[in-house]
Amino acid sequence: MAILENIRKRTTVLILIIGLALFAFVISGVFTSNDLGGGKIGSSVAEINGNEISIDDFRRKVESASNRFGPSASSMQVINQVWDQEVRNSILNQQFEDLGIDIERDQIMNYIKTIPSYSQNPQFLNDSGVFDENKFRDFIADLKVNSPSQYNLWLQDEQSIIQNAKQQTYFNLIKAGVGATLKEGELDYKLANDKVDIKYVRLPYTLIADSTLNITKSEIQSYIKSHEDDFKQEESRDIQYVYFEEKASADDEMAVK
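Using the numbering used here, read the sequence shown as starting at 1 and increasing by one per residue.
Treat the hints as calculated values from the structure; they're not laboratory data. Since we're looking at a predicted model, the values are computed, not measured. Any given hint might turn out to be false.
Unchecked claim - Taking lysine-lysine and the DSS-like style, the derived pairs with C-alpha atoms no more than 25 Å apart in a straight line are:
hint, residue 1, residue 2
1, Lys-113, Lys-175
2, Lys-144, Lys-61
3, Lys-183, Lys-199
4, Lys-144, Lys-113
5, Lys-190, Lys-175
6, Lys-195, Lys-217
7, Lys-175, Lys-144
8, Lys-247, Lys-257
Can you make the complete structure from the sequences, with help from the hints?
Laid out in structure tokens, this is it:
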């Protein structure tokens with residue numbers, strides 16, 4: 001009985017574990033085989049917000065993420081992170097499209113300057129220790145010619161940079177749209193800084209003897225009637241029943257005659 005009680009208490013945890021295990025089983029099949037039961041599976045691993053996620057594209061992103069994280073992250077951790085990012089991007093990209101949010105080339109460079117791994121890399125700094133756009137562009141151009149594999153990694157990083165820049169623009173728009181008015185600011189300031197001195201008299205109900213009060217039933221009924229909503233009781237039970245009367249039927253009476 002104790003074991004069954006422990007299982008009941010951990011039902012939610014067990015369901016979560018089983019769900020994650022099934023998800024891991026399905027996703028892992030994407031990376032181990034291109035067929036299932038002798039037949040080809042679809043070309044997409046999932047559909048998010050109406051957009052299909054290509055198996056090849058998802059596999060490529062997982063492999064790229066695995067290379068970045070190295071042995072510090074397990075395969076499932078990498079897969080889950082890529083999946084979460086795909087869901088986030090799919091939802092946000094629809095918002096970007098609806099709002100017409102896009103990033104120009106000069107904006108990409110401005111965003112790169114805020115990334116320490118680029119802006120503080122000695123390879124891209126001038127003699128004054130300031131990030132040099134020309135040095136960075138020359139570096140990317142050299143990768144394109146002499147190191148195609150590294151250049152492909154840069155293209156993936158560039159897409160991530162563009163996505164992050166769009167997200168920053170999007171959330172800045174949200175912040176700008178939820179600002180407080182001047183009157184709200186004044187009220188907040190007064191609530192935080194205004195001080196007053198007051199004197200008051202407190203008369204607790206406990207000081208009033210019940211014997212001094214004479215409330216009639218008609219007054220109580222009148223009060224309840226005028227405040228029906230305060231005393232309304234919601235239905236807490238819904239009972240249905242069948243009643244079988246213990247009485248002989250006409251056929252029973254005929255049978256005993």
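Going through the hints against the structure:
no. : hint              : result
1   : Lys-113 x Lys-175 : holds (23 Å)
2   : Lys-144 x Lys-61  : holds (20 Å)
3   : Lys-183 x Lys-199 : violated (29 Å)
4   : Lys-144 x Lys-113 : holds (21 Å)
5   : Lys-190 x Lys-175 : holds (24 Å)
6   : Lys-195 x Lys-217 : violated (47 Å)
7   : Lys-175 x Lys-144 : violated (39 Å)
8   : Lys-247 x Lys-257 : holds (16 Å)
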